[in-house]
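Undergrad: Listed below are the residues making up each chain.
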Amino acid sequence: MKLLTPVVPDRSAPLGAANPLAKLVAALLLMVALFASLDGVTAGMILVVLLGLLPVSGVSPGALLGRSWLVLFAAVSVAVINTLLAPAQLGPTLLEAGPIRIGADTALNGLALGVRLLAIALAGLLALATTDPVDLADALMQHWRVSPRFALGALAALRLLPSFAVEWQTIGLARRARGINAGRSPVAWLRLMGGRLLSLLVGGVRRATRMAVAMEARGLGSRPCRSAARPQPMRAADWAWIAGALLLAVGAVAVSMLIGTWRPLVGG
Amino acid sequence: MTTASAPRPAGWRMIDIVVAAVLAVAFGVAFLAWNALYNWTTPLFAAVPAAQAVMYGVWLLPGVLVGLVVRRPGAALFGGFVAAAVSAFLGSQWGLDVLLSGLIQGAGAELGFALFLYRGWHLPAAVLGGVLAGAGAAIHDIVVYYPDAGPEFKIAFAAFVVLSGAVLGGVGAWLLARALARRGVLAAFESGRDQRRI
Chain A
1 MKLLTPVVPD RSAPLGAANP LAKLVAALLL MVALFASLDG VTAGMILVVL
51 LGLLPVSGVS PGALLGRSWL VLFAAVSVAV INTLLAPAQL GPTLLEAGPI
101 RIGADTALNG LALGVRLLAI ALAGLLALAT TDPVDLADAL MQHWRVSPRF
151 ALGALAALRL LPSFAVEWQT IGLARRARGI NAGRSPVAWL RLMGGRLLSL
201 LVGGVRRATR MAVAMEARGL GSRPCRSAAR PQPMRAADWA WIAGALLLAV
251 GAVAVSMLIG TWRPLVGG
Chain B
1 MTTASAPRPA GWRMIDIVVA AVLAVAFGVA FLAWNALYNW TTPLFAAVPA
51 AQAVMYGVWL LPGVLVGLVV RRPGAALFGG FVAAAVSAFL GSQWGLDVLL
101 SGLIQGAGAE LGFALFLYRG WHLPAAVLGG VLAGAGAAIH DIVVYYPDAG
151 PEFKIAFAAF VVLSGAVLGG VGAWLLARAL ARRGVLAAFE SGRDQRRI
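Chains A and B, in that order, are what the protein sequence lines are.
Final position of the first sequence in the numbering used here is 268; the numbers increase by one with none missing.
Final position of the second sequence in the numbering used here is 198; the numbers increase by one with none missing.
Since the hints were derived computationally from the structure, they do not count as laboratory data.
Just so you know, these numbers come straight off a predicted model, no measurement behind them.
Where hints are given, some of them may not hold.
Stated by the list, open to error - Derived Cβ-Cβ restraints for the label pairs, each shown as a range:
{"id": "1", "chain 1": "A", "residue 1": "A217", "chain 2": "B", "residue 2": "R193", "range": "21 to 31 Å"}
{"id": "2", "chain 1": "A", "residue 1": "S12", "chain 2": "B", "residue 2": "E152", "range": "34 to 44 Å"}
{"id": "3", "chain 1": "B", "residue 1": "R183", "chain 2": "A", "residue 2": "G251", "range": "31 to 41 Å"}
{"id": "4", "chain 1": "A", "residue 1": "W144", "chain 2": "B", "residue 2": "G120", "range": "25 to 35 Å"}
{"id": "5", "chain 1": "B", "residue 1": "V54", "chain 2": "A", "residue 2": "A217", "range": "21 to 31 Å"}
{"id": "6", "chain 1": "B", "residue 1": "H122", "chain 2": "A", "residue 2": "A88", "range": "40 to 50 Å"}
What the hints assert, rightly or not - Negatives, chain A to chain B, calculated, CB over 12 Å:
{"id": "7", "residue": "L72"}
{"id": "8", "residue": "D132"}
{"id": "9", "residue": "R176"}
{"id": "10", "residue": "G260"}
We put the CB at the ideal spot given by N, CA and C, even for glycine.
Please build the complete structure, drawing on both the sequences and the hints.
TA: Set out below in structure tokens:
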């Protein structure tokens, strides 16, 4: 399962070296701007800048595409649904087939929503694919005062991921060896999947119980103060990422407003 | 380990946190498969695109399940959010928006249990949690993905999401929690104790 091997971020790349929380905040700022605007100009500008950031992200475009190419499907289906099912078809007729008429303006709006989805997805992908979960947990504890028991507990659970992937396959093979087969019935398939999931969960809970005892035995969370082994400082460059994202978000909306293409989510 | 009659300790125990997180991580893995399935089956729903939302409930499952198993205020929110975070880290195609969805869905499930004052951990509470998680998810998705679609689509989509949340998310989570208790792995939890026959 290729999807289950996390992309290892390159810490020497500018985006890979940035503080995880700075990247998270920057991506959230862009997402707010994208949520609020439905037009293709705002989304397009942000998408172009994000694509420009790919070389400094330290993640190879191939690896990123390998994990996220399905979003292209989603973007197409969002564009199609918003075009075909719009309450009114506006603009000159683009296509007419029987009762279906597609207006050029509506199609353009649908396309813009597809671009908007791509930009939303890429903003988050860039922030997350360049972040090591360990760094994120450290930063959350150091800057946002997230309880170490919760942050480290979640991190310990995350460490089980590769073994879950292996276990999932083993359970599947064991079931096949016993001749358990859904045939062509989707209902039987769903039931079998439920059983397979339950086996995974049972194994997971057993292991989690042992892990919790071990963590508690080592004194995790028993003292109110703890020092940080891996400091995650907020440097000037980290503030610059946030400022840059804010500038891009405001700038893209402002440009779109100036040329009269901006379409707000509410009150448009 | 405390006995069933002993008063419950105030805060979260380490075992509550780790088991909640592990359940959520397992679902984060399952989400990857489900995300792909959702995309591949999109053409099957070409006639009624809104009907694809019947598949939505699986994404709402972990919040409700973790709430049912751990039985603490905040458990459903934590479960929904961690499952989404795992899925985001593994490279869900939705990127960071998954975190937002996870928070909203988890909060919906949490509200379901909160409305029962964190005393009811039964099927109705699970279904209510699934329904509210579905309602939150539907609002988020309509804003993010389908702002231009007609009102018929929006209403049908929301109805399918809520229905799926009730069935897959609510009843599904309840069945899974019961099955987990029957396997005896929840011995350290109150949820594993009420099921035991004497």
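Undergrad: If a hint holds in the structure, say so; if it doesn't, say that too.
TA: Do the hints match the structure? See the list:
no. : hint                          : in the structure
1   : A:A217 <-> B:R193: 21 to 31 Å : 24 Å, holds
2   : A:S12 <-> B:E152: 34 to 44 Å  : 52 Å, violated
3   : B:R183 <-> A:G251: 31 to 41 Å : 56 Å, violated
4   : A:W144 <-> B:G120: 25 to 35 Å : 32 Å, holds
5   : B:V54 <-> A:A217: 21 to 31 Å  : 46 Å, violated
6   : B:H122 <-> A:A88: 40 to 50 Å  : 47 Å, holds
7   : L72                           : 8 Å, violated
8   : D132                          : 9 Å, violated
9   : R176                          : 17 Å, holds
10  : G260                          : 19 Å, holds
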